[in-house]
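Residue numbers (my numbering): 106 to 391.
In case anyone wonders, no lab produced these hints; they're calculated from the structure.
Fair warning: this is a prediction, and the values are worked out from it, not measured in the lab.
Idealized CB from N, CA, C, for every residue including glycine.
Treat the hints with caution; some may be incorrect.
As the list claims (entries may be wrong) - Using 20 Å as the maximum straight-line C-alpha spacing, the simulated SDA-like pairs for lysine to any residue come out as follows:
id: 1; residue 1: Lys364; residue 2: Glu168
id: 2; residue 1: Lys311; residue 2: Asp327
id: 3; residue 1: Lys149; residue 2: Asp243
id: 4; residue 1: Lys326; residue 2: Asn358
id: 5; residue 1: Lys157; residue 2: Asn147
id: 6; residue 1: Lys244; residue 2: Leu325
id: 7; residue 1: Lys308; residue 2: Phe297
id: 8; residue 1: Lys290; residue 2: Ala382
id: 9; residue 1: Lys157; residue 2: Asp138
id: 10; residue 1: Lys244; residue 2: Arg259
id: 11; residue 1: Lys157; residue 2: Ala212
id: 12; residue 1: Lys149; residue 2: Gln165
id: 13; residue 1: Lys244; residue 2: Gly193
Stated by the list, open to error - Here are the simulated distance ranges between beta carbons:
id: 14; residue 1: Ser292; residue 2: Ser206; range: 16 to 22 Å
id: 15; residue 1: Ser224; residue 2: Lys364; range: 19 to 25 Å
id: 16; residue 1: Gly295; residue 2: Tyr264; range: 54 to 60 Å
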Amino acid sequence: MNEKPIRVIKKTNSIGASSFFSSLEDQRLKLLDLSNRNSLLNYKFPQKGCVKLIDELPNQIFEFLSEKQAFTFIPVPEPSEKELLEQGFIIIDPVTHEKISRKEPTAKEWAKILGFDTSFELPEHNPSTQAQSIHQDDKLQTLLYAPSLEAMLRRIRGYAESSIKDSGTNILYLNLGYLEWYESKDSDQGHFAPIFSLPVQLKQNKLDKKLGIYPYEITLKDDSLLTNITLKQRLEEDFDLNLPEIDDLEEPNPEDYFKLIEEKIYICINCCSHRLARKSTNIFKI
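Model the full structure from these sequences, guided by the hints.
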C-alpha cells in the first residue's frame, strides 16, 4: 500500500478556520494517488505479503482486539502418515508392500478433508455463527501449514519493524473487509479496496515444541480507525458515490460499517457490479 488513509479533518464553526481547513482539504485531495497502482484501491493479495484468514467473524476480531487482547495465528494441522494412508495420499504396493507416496495435499486440500470452511469469504455475523466455539476463542485460523505460516509472519514482522525503525511509520494492518469494485458496468476485472483496517503489531512467542515453530500473536497498536479516503475520493469522482465514513457510526464496528456501504451501493445507479467482499487479511503496505 502506497499511503496511509488520512482521517478527514472536521471543520470548526469559525468562518476563518472553516475556510482554512477547506483549503487544506482541497490540496490534500489533489495529492491522493487515485490510480489503480495504489493498493488502497487495488490490493493484489500478494502470496508473500499477506496472511488470509478463514471462518472468522469480523466483529468478534474487532471487539477482542479493542479490549487489548491478543490473537494467535494458527496453522492447518499437518497430516500424519496414518492419515495420509487412510486418505489415499500414500498407498501400499500389493506386491512389494512398499509405501508409495503420491502428491501430498496442500494445506487447503487437507483443511477441506478435516472439515474446515476454506472460503476466504468470512461468514455472516448472526446468533448461530457467534455461538460457535471457534468464534469464541483467541485463535485466528489460516490456510497454511505451520512452517509456511511461521515464515510468512516472520517476514511480515521484519518488514514492519524495519519501517518503524527507518521512518517511524507503521505499515502493518489487519483488514476486516474489502470493497470489490469495477471501473464500468461492462468490466469483468474487479478491484479490491480495504475498507475496515486496524493498525496492529506482531509478536513472536516462545517455541511450540509440538509444532516445532515459533507462534505469532497479533494485538492492536492503537485505537485509530481511519476511513479509506483514497477510495472515498475515487468512488465520488467516478461513480458519484459518497462512501460513508467510519466516524459516521456512533459505535463503530465492521458489520455496521459494511451495512452502511451496502446501502449506499444499493441506491447507486452506477454501481451495479460493486459488492462487499468479506475477506480478512493481515497485510503490510509497501
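Okay, Gly295 versus Tyr264 on CB: inside 54 to 60 Å? Since the Cβ atoms of Gly295 and Tyr264 sit about 27 Å apart, the hinted range of 54 to 60 Å is violated.
Quick check on a hinted range of 16 to 22 Å for Ser292 and Ser206, using CB atoms only. Violated - the Cβ-Cβ distance for Ser292 and Ser206, about 45 Å, lies outside 16 to 22 Å.
Hint check: Lys244 vs Gly193, CA-CA at most 20 Å. Holds or violated? Status violated; Cα separation ~30 Å.
Going straight from one Cα to the other, do Lys157 and Ala212 come out at no more than 20 Å? holds, 13 Å
Sort out whether Ala382 lies within 20 Å of Lys290, counting only the CA atoms. At roughly 18 Å apart (the allowed maximum being 20 Å), Ala382 and Lys290 satisfy the hint.
Given the hinted pair Lys311 and Asp327, is their Cα-Cα distance within 20 Å? Violated - the C-alpha atoms of Asp327 and Lys311 are around 24 Å apart, more than 20 Å.
Beta-carbon spacing of Ser224 to Lys364 - inside the hinted bounds 19 to 25 Å or not: Cβ of Ser224 to Cβ of Lys364: about 21 Å, so the range 19 to 25 Å holds.
Check the hint pairing Lys244 with Arg259 against an upper bound of 20 Å on the C-alpha distance. Holds, at roughly 18 Å.
Would you check the hint for Lys364 and Glu168, treating anything up to 20 Å between C-alpha atoms as holding? holds, 17 Å
Would the hint linking Lys149 and Asp243 be met if the CA-CA limit is 20 Å? violated, 28 Å
Between Lys149 and Gln165, does the CA-CA distance stay at or below 20 Å? With a Cα-Cα distance of about 25 Å, the restraint between Lys149 and Gln165 is violated, given a limit of 20 Å.
Check the hint pairing Lys157 with Asn147 against an upper bound of 20 Å on the C-alpha distance. Given pair Lys157, Asn147 holds - Cα atoms ~16 Å apart, limit 20 Å.
In summary, the structure is inconsistent with hints 2, 3, 7, 9, 12, 13, 14 and 16 from the numbered list given earlier, while agreeing with the others.
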